[in-house]
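Chains as they are written, first to last, in this note's numbering: chain G, 549 to 879; chain C, 22 to 413; chain W, 3 to 309.
Derived from the structure by calculation, the hints contain no laboratory data. The model shown is predicted, which means the values in this text are computed figures rather than measured ones. Just so you know, even glycine gets a beta-carbon here, dropped at the ideal spot from N, CA and C. No incorrect hints appear here.
Cross-link-like lysine-lysine pairs, in silico, BS3-like; alpha carbons within 27 angstroms at most:
(1) C/Lys367 with C/Lys347
(2) C/Lys370 with C/Lys52
(3) C/Lys367 with C/Lys345
(4) G/Lys834 with C/Lys52
(5) G/Lys715 with C/Lys347
(6) C/Lys52 with G/Lys715
(7) C/Lys206 with C/Lys186
(8) C/Lys52 with C/Lys339
(9) C/Lys52 with C/Lys338
(10) C/Lys394 with C/Lys283
(11) C/Lys134 with G/Lys715
(12) C/Lys314 with C/Lys52
Which residues of chain C face chain G? A few of them, derived with a C-beta cut under 8 angstroms, are:
(13) Lys100
(14) Pro101
(15) Asn109
(16) Glu113
(17) Asn127
(18) Ala131
(19) Val221
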Amino acid sequence: MADPITAPIPVRADRRVWVAGFLMVLFALVPLYAWRADDVYVLTYFGRMLIFALAAVGLNLILGFGAMASLGHAMYFGFGAYTVGILSTWGLTNGWLHLSLALAVTAFIAIPVGWIALRTRGMAFIMITLAFAQLFFYVFVSLRAFGGDEGLSLTELSGFGALTGNKYAIYLSLLITLVLVLWFTHRLVKSRFGLVLRASRHNESRLNALGTASQPYRLVAYVLSAQICALAGFFMANLTGFVSPSLMSWLISAEFMVMVLLGGMGTVFGPVIGAAGLLLIEDGLKTVTEHWPLVLGALIVLAVIWLRQGLWGLMAPSGDTKASPVDQGEH
Amino acid sequence: MKKMFPSVLSASGALLIAALTWVGAANAQFKVGFMATLSGPAAALGQDMYDGFMLGLEHSGGQFGGVEVEVIREDDQLKPDLAVQTVNRFIERDQVDVVAGVTFSNVMMAIAKPLADSNTIFMGTNAGPAPLAGERCAPNFFFVSYQNDQQAEGVGKYATNQGFKNVYLMAPNYQAGKDAVGGFKRYYKGDVAGEVYTRVNQPDYSAEIAQLQAANPDAVYVFYPGGMGINFIKQFRQAGLLGKIPLLSVSSFDGSTLPALKETALGAISGSFWGVDFDNPVNQKFVTAFENKYGRIPSQYAAQSYDGAMLLNSAIKKIGGQYKDKNALMAALRAAEFDSVRGDFKFNKNGFPIHNMYVFEVAPDAKGRVSHKTLQMTLPAHPDSYVGQCPL
Amino acid sequence: MTLNLFLGQALNGLQFGILLFLMAAGLTLVFGIMSFVNLAHGSLYMFGAYFAATVASYSGSFVLAIFSSMVLIFLLGAAIDRAGLSILHRRSHLDQVLATFGLVLFSNELVRVVWGNAPIYMDAPDYLSDAVNIFGLNYPAYRFAIIVAGLLVALGLYLLIERTRIGMLIRAGASNRTMVSALGVNIAWLNRFVFALGAGLAGLAGALVGPILSVEPGMGEPVLILTLVVIVIGGIGSIRGAFFGAIVVGLVDTMGRVFVPIWLRATFDPAMAAAIGPALASMLVYLMMAVILAFKPEGLFPLRARG
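Bound conformation, chain G alone (with noise of 0.2 angstroms):
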């Protein structure tokens, strides 16, 4: 049987391009209904879903393709809107400063994380990235400068002229980082980069006989998955005007995870789907019952269960050598 590393990666047959592709122009036309209907709602709304969609990206990054299970990185999203709270607070509003800063401070952060917490593996990673993320959220918790465990409330967005704090300029840029980071994310997949990572969540010692340290390499996609997860806080902060510890809370690292998971781990596309998925389904089933958290975790178990694939992955053409899940009964 062809050892699936060294094949290289079959293009996606053409119907999957074809529906990310339709979706990105369903997203590009929300701008248009908000301004002939006059509804600003339609692009937080949205914009909240490309928000989550950029952070999974960023967290499949690893966990898809690098089999790296960090129960942590919502606090790279909350540094990325800490970032423009607090530089705010201080008076100092220049949007590129504040976008600049947040992946300098994540990067500064990530790198001793990372390091650390790559020394372990299976469980202890998972609970490891669990600690930091616990620390960190303690940390904003207790700064009472800036509202501390009951958030803060922005006074300044971060500024880009004219365009500070336009909710469709917001939108628009945030779609077009996502897509940028789609390509990036696609590029680097597919470059030796791409593959070192991903021979090293099928068999480490291997690569590392043949030659090529692992270890390097994965903490660069950690820091650049961290810095993608900070890159969509800063979105958050500037789209909704509030940011506050909660944006760091474990949960919420669960539910990026759960975003991967759904659409698809180890495609570029599939967290995309899954966190629109999600936030649609969770929506949806709102609008039905009060309890919905019941069928919602209902459904999170089955789709554990029986969707191994994700979404995404469902709707990859039969006979395509899918990017196995990320099943190795790590210990």
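Let chain G serve as the given structure and place chains C and W on it in line with the hints.
What follows is chains C and W alone, placed relative to chain G:
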């Protein structure tokens, strides 16, 4: 093509549903977005607020000033971030005419900015944090309940009157907690044996109660609304302190928690502007109707929200049902020409009330149920202490 | 800072540690023997509290409430395992995390449907409602009873694991699952027993905590996180590790919550100290865990490598 179809269909379907939900918006109805804490340890407070409001609506004939009313009820789960999302939805999607309710001050502080920015009329029927009475006051805010400090100030005055020299203070660490302690200290002239802030919804007070014991105060003053009050007094009793040290409070032992506490809280003193045994006809009607309809004694949270509904009714009636004229509506609300269950009521320029403060004792009522008994008036026609900082 | 305060808080820390141990013992066994991550362990704790409160209010008997609750949750655990959770045994840890997360959402809402949104309350029995005198300190009798009960359970668990045949099977299973199965032991029944035992202990913890804390939806999650910290610090699969880990975490968390704010009050005002203090104290626990894991990823008392 077959495999693509389901995904395309569901995507379009979802977007269609989403689109339809906000097309159905515009209706000739006065819309109230009512948000309170309806789950968790403080659920009873939020529930009293909602029930009181709806009773007021019922007593107004199911309409406000002759106009049909739609009340959208939402639970903020005591989560400021969720509350901000909900209020934004009220304003942007549901396009409500009034946002009402709000149980907790931390939630109130989080939503103050979107409300002020959008100039949406806000009818506060509980939380009344100090910053919103002072420098962050706004012309579209109407707090028919009280400013957080006011009740505490009344109890502070009572403590001074009673000659307490050394009082131990405890409250949760958020705006209302600080207001409750600050207000007490403003009118209490003795010494503070200790000032301790605990976490909101902290379930376990054993550490703090141990410190309290060590300090040996004349009296203890607490602010622990909802489940926090229940947990506190149970543990206070377990430490053997109940009955040994006088217990003063605001918003801690009332209609929402006394049913669970029963005799545990007897003798505790609390301060407020409204008592269930006030004998003016409006109050008697309210209390009797509430007990008949809901099978429990109303708390001040219900009374405040009832007043909120009656105020809205009177204001819209005054402007002849023309609620779309926001300025006229705000002026009518400001005039506050309605009969409050508490007796005298007047708005100050910052949208907070000027009313009388009293203290009450937890004691059996005429029917033998554990309830509040009015003891004395402490501060007549009392304004709040922050109106001077309000730029309006 | 008086000796009384210190002693009182140390006892509180011990009491909290005992509760964490009851939770951690079950979870670590389940993870060690079955390699199964169960985030819904906190939900079992929650059900224990709810059942106990309900039985107590209907029967008026506290002891009946505790015992029936423990038995009921034991049976519930066995039932869940039989009904389908066993499918997840063979799946990756990630799948287990996500599936049990779904169970957590489900359980919290189920509790809301059955018992409502507001917390329900359970009273300690009258004979335990006042204080006992320990070295001159007035300590709540009920909490003292928890310490005693918890230590007895720990003793019982030790005897079970070390001195009985089934305990031997459990220890063997923790060391080498496949070998035990190859030797003819019905591994499925063993797994089910272990899972049910863990559930029963969690249910007991929940039942005991009823009179102290309010019984409400979502009460399991904060305890679950700390329980996970305990088993990771102690070493997965190790009961001894769970015991030490639990006591340490219980003490650090409780004492930290009290003494860090006191220490901070020297420099900050009370409100500020009260805000930073508990956060710092909580951070202390996670910092401790991160340091331990960085040096000893298998925990402080790891079992030998399994086959």
